[in-house]
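Fit chain B to the known structure of chain A by using the hints.
Line by line, the protein sequences are chains A and B.
Reading the first sequence from the start, the letters are residues 1 to 269 in the numbering used here.
Reading the second sequence from the start, the letters are residues 1001 to 1180 in the numbering used here.
These are computed hints drawn from the structure, not numbers from a lab.
Model, not experiment: these values are computed from the prediction.
Don't be surprised by glycine CBs; every beta carbon is placed ideally from N, CA and C.
Per label pair, the in silico range of CB-to-CB distance:
{"#": "1", "chain 1": "B", "residue 1": "GLN1010", "chain 2": "A", "residue 2": "PRO202", "range": "35 to 45 Å"}
{"#": "2", "chain 1": "A", "residue 1": "ASN166", "chain 2": "B", "residue 2": "GLU1021", "range": "17 to 27 Å"}
{"#": "3", "chain 1": "B", "residue 1": "THR1162", "chain 2": "A", "residue 2": "GLU8", "range": "10 to 20 Å"}
{"#": "4", "chain 1": "A", "residue 1": "SER62", "chain 2": "B", "residue 2": "GLN1010", "range": "21 to 31 Å"}
{"#": "5", "chain 1": "A", "residue 1": "GLU8", "chain 2": "B", "residue 2": "GLU1021", "range": "37 to 47 Å"}
{"#": "6", "chain 1": "A", "residue 1": "GLU34", "chain 2": "B", "residue 2": "GLU1151", "range": "24 to 34 Å"}
{"#": "7", "chain 1": "B", "residue 1": "THR1162", "chain 2": "A", "residue 2": "MET162", "range": "53 to 63 Å"}
{"#": "8", "chain 1": "A", "residue 1": "THR139", "chain 2": "B", "residue 2": "LEU1066", "range": "26 to 36 Å"}
{"#": "9", "chain 1": "A", "residue 1": "VAL221", "chain 2": "B", "residue 2": "PRO1180", "range": "52 to 62 Å"}
{"#": "10", "chain 1": "A", "residue 1": "ASN56", "chain 2": "B", "residue 2": "ILE1058", "range": "21 to 31 Å"}
In silico DSS-like cross-links for lysine-lysine, where the CA-CA straight-line distance does not exceed 25 Å:
{"#": "11", "chain 1": "B", "residue 1": "LYS1179", "chain 2": "A", "residue 2": "LYS39"}
{"#": "12", "chain 1": "A", "residue 1": "LYS190", "chain 2": "A", "residue 2": "LYS236"}
{"#": "13", "chain 1": "B", "residue 1": "LYS1006", "chain 2": "A", "residue 2": "LYS234"}
{"#": "14", "chain 1": "B", "residue 1": "LYS1006", "chain 2": "A", "residue 2": "LYS73"}
{"#": "15", "chain 1": "B", "residue 1": "LYS1176", "chain 2": "B", "residue 2": "LYS1136"}
{"#": "16", "chain 1": "A", "residue 1": "LYS65", "chain 2": "B", "residue 2": "LYS1006"}
{"#": "17", "chain 1": "A", "residue 1": "LYS219", "chain 2": "A", "residue 2": "LYS251"}
{"#": "18", "chain 1": "B", "residue 1": "LYS1176", "chain 2": "B", "residue 2": "LYS1126"}
{"#": "19", "chain 1": "A", "residue 1": "LYS65", "chain 2": "B", "residue 2": "LYS1059"}
{"#": "20", "chain 1": "A", "residue 1": "LYS192", "chain 2": "B", "residue 2": "LYS1006"}
{"#": "21", "chain 1": "B", "residue 1": "LYS1059", "chain 2": "A", "residue 2": "LYS73"}
{"#": "22", "chain 1": "A", "residue 1": "LYS151", "chain 2": "B", "residue 2": "LYS1006"}
{"#": "23", "chain 1": "A", "residue 1": "LYS39", "chain 2": "B", "residue 2": "LYS1176"}
{"#": "24", "chain 1": "B", "residue 1": "LYS1017", "chain 2": "A", "residue 2": "LYS138"}
{"#": "25", "chain 1": "A", "residue 1": "LYS65", "chain 2": "B", "residue 2": "LYS1044"}
{"#": "26", "chain 1": "B", "residue 1": "LYS1017", "chain 2": "A", "residue 2": "LYS65"}
{"#": "27", "chain 1": "B", "residue 1": "LYS1006", "chain 2": "A", "residue 2": "LYS190"}
{"#": "28", "chain 1": "B", "residue 1": "LYS1071", "chain 2": "A", "residue 2": "LYS39"}
{"#": "29", "chain 1": "A", "residue 1": "LYS151", "chain 2": "B", "residue 2": "LYS1017"}
{"#": "30", "chain 1": "A", "residue 1": "LYS169", "chain 2": "B", "residue 2": "LYS1006"}
{"#": "31", "chain 1": "A", "residue 1": "LYS73", "chain 2": "B", "residue 2": "LYS1017"}
{"#": "32", "chain 1": "A", "residue 1": "LYS151", "chain 2": "A", "residue 2": "LYS236"}
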Amino acid sequence: MNTQEYIESGIIETYVLGMTDAIESAELEQYCREYPDIKLAVTAFEATLEQHALLNPINPPSTIKVQLFESLKDEFVHPVFMSAPTKQSAKVFDIKPFLKYIAAASIILLVISGAMNLYLYTKLSNSSAQYQAILVEKTSLQANNQLIQAKALDLFNSMQMMTDPNMLKVSMPGMPGKEKNYATIFWDTKSKDVYILPNKLPQPTLGKQYQLWAMVDGKAVDAGMIGDCAGLCKMKNIPSATMFAVTLEKKGGSSIPTITEMYLAGKVS
Amino acid sequence: MELPQKYSEQELVWLLKQRNEQAYSYLYDHYSGALFSIILSIVKEEELATDVLQEVFIKIWRQISLYDTTKGRLYTWMLNVARNTSIDAIRSKGVKNSRQNQELTENVYEQAGSAEMKTDAIGLRKLVHTLKDEWKILIELSYFEGYTQDEMAKMLNIPLGTVKTRLRSGLAALSKIIKP
Chain A
1 MNTQEYIESG IIETYVLGMT DAIESAELEQ YCREYPDIKL AVTAFEATLE
51 QHALLNPINP PSTIKVQLFE SLKDEFVHPV FMSAPTKQSA KVFDIKPFLK
101 YIAAASIILL VISGAMNLYL YTKLSNSSAQ YQAILVEKTS LQANNQLIQA
151 KALDLFNSMQ MMTDPNMLKV SMPGMPGKEK NYATIFWDTK SKDVYILPNK
201 LPQPTLGKQY QLWAMVDGKA VDAGMIGDCA GLCKMKNIPS ATMFAVTLEK
251 KGGSSIPTIT EMYLAGKVS
Chain B
1001 MELPQKYSEQ ELVWLLKQRN EQAYSYLYDH YSGALFSIIL SIVKEEELAT
1051 DVLQEVFIKI WRQISLYDTT KGRLYTWMLN VARNTSIDAI RSKGVKNSRQ
1101 NQELTENVYE QAGSAEMKTD AIGLRKLVHT LKDEWKILIE LSYFEGYTQD
1151 EMAKMLNIPL GTVKTRLRSG LAALSKIIKP
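Next comes chain B alone, as it looks inside the complex:
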């Protein structure tokens, strides 16, 4: 007998924790497009993005026992796994590149964000680019490039409190855009 093709979130998590292959296959079919979109928007290169996607799904599979249902939805957890893995990937790639280009750049911070923004963004990142500049730069640097609020305050030479307020306002505005 076939297992059902659609699961409730509780069933899905329960079956994944039982190491059920069909549930995992469903998870992949249902969420790979959403996660690939966020990975691709961060790492930008398709080849690297497919590597990251595989790594992300392997992490989800092996670390599902760490997912705590009381802390939030399964997608939120997977999204954070995808974002962190993507940022690690561009960081380790960036380390290689910056070693090669060390003499060319005086200020690494200045380069981050501003240069990247000219390229065509996709997915959520594209929506971020419709926001006003003071919000856009902070969301770019923090969400898509992984800088902490402290680091951004130093980079942009603005007080930490201002960074926090602006980042939150920007994300609140973003939330209104994606609300159906």
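The following block holds chain A by itself, in its conformation from the complex:
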């Protein structure tokens, strides 16, 4: 197939602008999978169209955005509600005997029916128990999923922060004897907020916790405790510092650093 001729025919523009019929569209989508040139031409025209549109906007009245957000405001939040299982009520029929022998037959049928009911009821209870178990499992899966989503968002946010040009990065290598450990400080030069990424620190022993210190005018200032956090841990706001260090302290922190338990230190460059 002569892809160049096909590309130049204008079929790609017709497709992207939504004017091809179903057969033409299907054919073009098939060609896109077979010929990278054609796929490339489609993408290129889409980009050209978008760029042209973005460079020649006509801005709508500013009130529209307010109205739009007002009408959608309930849709931005979407807590997950679990619907309670609906109970099925059993239908009750009155049996009215109108003839003696039919009544006798009815009683026999009633007994059989009663037995059937008992049997079906047992089956229903089993199914219902299984259903409840599945519901519980579904809830826990959903919770798990939300946890993972929250973590992904945390990581995404952390990544955005790390690549912020205002972020000053301070590497903190391990002290002699603890060379295997290190952590990185991210210091927002605008807001002065300090974040730490504990790249490699051993699990603290029971009752102990790592504490971050900032050296300010030769004095060690408490910069916060390193807790359990995904990605970056937010520490205290430190307006100025020449150095950061991490020591292992008793849980909750100390007012002065225990120099013998110093794990990491790094100068602000």
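For chain B alone, coordinates are given in the frame of chain A:
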């Protein structure tokens, strides 16, 4: 902490599917001008265009799960939503008008396109008007008024094959004009 003010297309789509308000706000700020331009060029009246714009953004919000990233760019999808909604809007308005004017017009097809072209066009439609007549009429009728290729062949009394070739050539020419 503030979320970033600029998103890559993948991030934007991902966040929109998570029902993220900030991403949607960014989407509106970034694309409303482009979409309003195409809506206005189709429906022509500002008041109707603002109604259509709101409808389009509500559709984008509620139907983002239908958008398939493998089929094309987000803008292309939104543009098609905007165009279809605009054409529906002029169609339903046109139905009301034509009921009122039924006795005045003998040939609805003849009216379509030709009468409209005298007015001042904006945006992409203005560029279409710089093309030669045989291309212009077909792009006008199909892109801006929503007629199918079959309908145009009957209206203009030319073979379907010719309609297809001319429409494609016209759009290829248009593509060269907008290429930066």
